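Read off the chains here:
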Amino acid sequence: QKEVEQNSGPLSVPEGAIASLNCTYSDRGSQSFFWYRQYSGKSPELIMFIYSNGDKEDGRFTAQLNKASQYVSLLIRDSQPSDSATYLCAATSGNTPLVFGKGTRLSVIA
Amino acid sequence: SQTIHQWPATLVQPVGSPLSLECTVEGTSNPNLYWYRQAAGRGLQLLFYSVGIGQISSEVPQNLSASRPQDRQFILSSKKLLLSDSGFYLCAWSMVQEAFFGQGTRLTVV
Numbered sequence: 686q687k688e689v690e691q692n693s694g695p696l697s698v699p700e701g702a703i704a705s706l707n708c709t710y711s712d713r714g715s716q717s718f719f720w721y722r723q724y725s726g727k728s729p730e731l732i733m734f735i736y737s738n739g740d741k742e743d744g745r746f747t748a749q750l751n752k753a754s755q756y757v758s759l760l761i762r763d764s765q766p767s768d769s770a771t772y773l774c775a776a777t778s779g780n781t782p783l784v785f786g787k788g789t790r791l792s793v794i795a
Numbered sequence: 119s120q121t122i123h124q125w126p127a128t129l130v131q132p133v134g135s136p137l138s139l140e141c142t143v144e145g146t147s148n149p150n151l152y153w154y155r156q157a158a159g160r161g162l163q164l165l166f167y168s169v170g171i172g173q174i175s176s177e178v179p180q181n182l183s184a185s186r187p188q189d190r191q192f193i194l195s196s197k198k199l200l201l202s203d204s205g206f207y208l209c210a211w212s213m214v215q216e217a218f219f220g221q222g223t224r225l226t227v228v
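Listed in order, the protein sequences are those of chains A and B.
Per my numbering: the first sequence = residues 686 to 795.
Per my numbering: the second sequence = residues 119 to 228.
Looking at chain A on its own, in the form it has when it is part of the complex (with noise of 0.2 Å):
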């Protein structure tokens, strides 16, 4: 069974600080992983999609992965009372279909 789990939150920081979300994945033939934000009531939207082991920065994002321990992250500087939302971390092994994360609820507190 291919899993992706992600911590459901809440997850609390203030304005203008880093928010870490943290996402692991079962199947190790996983080639690319996708963080989504979802705001209430909406769909998702992509945010990042990254594919090679190291960071990848867009902006004040940027997204972290780890294959050796199946582990993808994403990190948003500067954090604004607008990023929060549930964000949706998924990985998929090329042509099979995307498997999700529950997703993680950040809250940005002004």
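Hints may be right or wrong, so weigh each one.
[As the list claims (entries may be wrong)] Covered by chain B, per the in silico footprint, the following chain A stretches (three or more residues, Cβ under 8 Å):
| # | stretch |
| --- | --- |
| 1 | 723-732 |
| 2 | 736-747 |
| 3 | 766-777 |
[Unchecked claim] In silico DSBU-like cross-links for lysine-lysine, where the CA-CA straight-line distance does not exceed 30 Å:
| # | chain 1 | residue 1 | chain 2 | residue 2 |
| --- | --- | --- | --- | --- |
| 4 | A | K727 | B | K197 |
| 5 | A | K687 | A | K787 |
| 6 | A | K787 | B | K198 |
| 7 | A | K727 | B | K198 |
| 8 | A | K741 | A | K787 |
| 9 | A | K687 | A | K727 |
| 10 | A | K727 | A | K741 |
| 11 | A | K787 | A | K727 |
| 12 | A | K752 | A | K687 |
[Unchecked claim] Residues from chain B that keep clear of chain A, each with C-beta distances beyond 12 Å, as calculated:
| # | residue |
| --- | --- |
| 13 | T142 |
| 14 | N150 |
| 15 | S168 |
| 16 | E177 |
| 17 | S183 |
| 18 | I193 |
| 19 | K198 |
| 20 | L200 |
| 21 | A210 |
| 22 | A217 |
In case anyone wonders, no lab produced these hints; they're calculated from the structure.
Predicted, not measured: the structure shown is a model, and the values here were computed from it.
We treat Cβ as the ideally placed atom computed from N, Cα and C, and that holds for glycine.
Chain B: place on chain A using the hints.
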């Protein structure tokens, strides 16, 4: 650019009635297509995925079915809805390094 259309946005249906949700993708060819369901406060449950016309894989036994009559069209159907079919239905498409969701259909079965 690629666009995914999903409709309707909201739907209220009586128990036992049929269902048809449609999803179309623009700007890409031969995408992988998915139907997910999200119950309130829960994660994304994969219902069906398709790697090509007429090729449908079902992940969860249920009273729902899916069809892909054209390359960029994916339809979710039911002959008789159950109360437990209520939820937020999301269509998604993916290529190797991209995966995007439609706006979702909130289905309430009464």
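Against the structure, the hints:
1. 723-732: holds (count 6)
2. 736-747: violated (count 1)
3. 766-777: holds (count 3)
4. A:K727 / B:K197: 27 Å, holds
5. A:K687 / A:K787: 13 Å, holds
6. A:K787 / B:K198: 28 Å, holds
7. A:K727 / B:K198: At roughly 26 Å apart (the allowed maximum being 30 Å), B:K198 and A:K727 satisfy the hint.
8. A:K741 / A:K787: 23 Å, holds
9. A:K687 / A:K727: 26 Å, holds
10. A:K727 / A:K741: Holds, at roughly 26 Å.
11. A:K787 / A:K727: 15 Å, holds
12. A:K752 / A:K687: 15 Å, holds
13. T142: Given a closest Cβ separation of 15 Å, the condition holds.
14. N150: 7 Å, violated
15. S168: 10 Å, violated
16. E177: Violated: least Cβ distance 7 Å, not greater than 12 Å.
17. S183: 17 Å, holds
18. I193: 18 Å, holds
19. K198: At about 26 Å from chain A, B:K198 clears the 12 Å cut-off, so the statement holds.
20. L200: 23 Å, holds
21. A210: Violated, because the least Cβ-Cβ distance between B:A210 and chain A comes to about 7 Å, which does not exceed 12 Å.
22. A217: Check fails; 6 Å does not lie beyond 12 Å.
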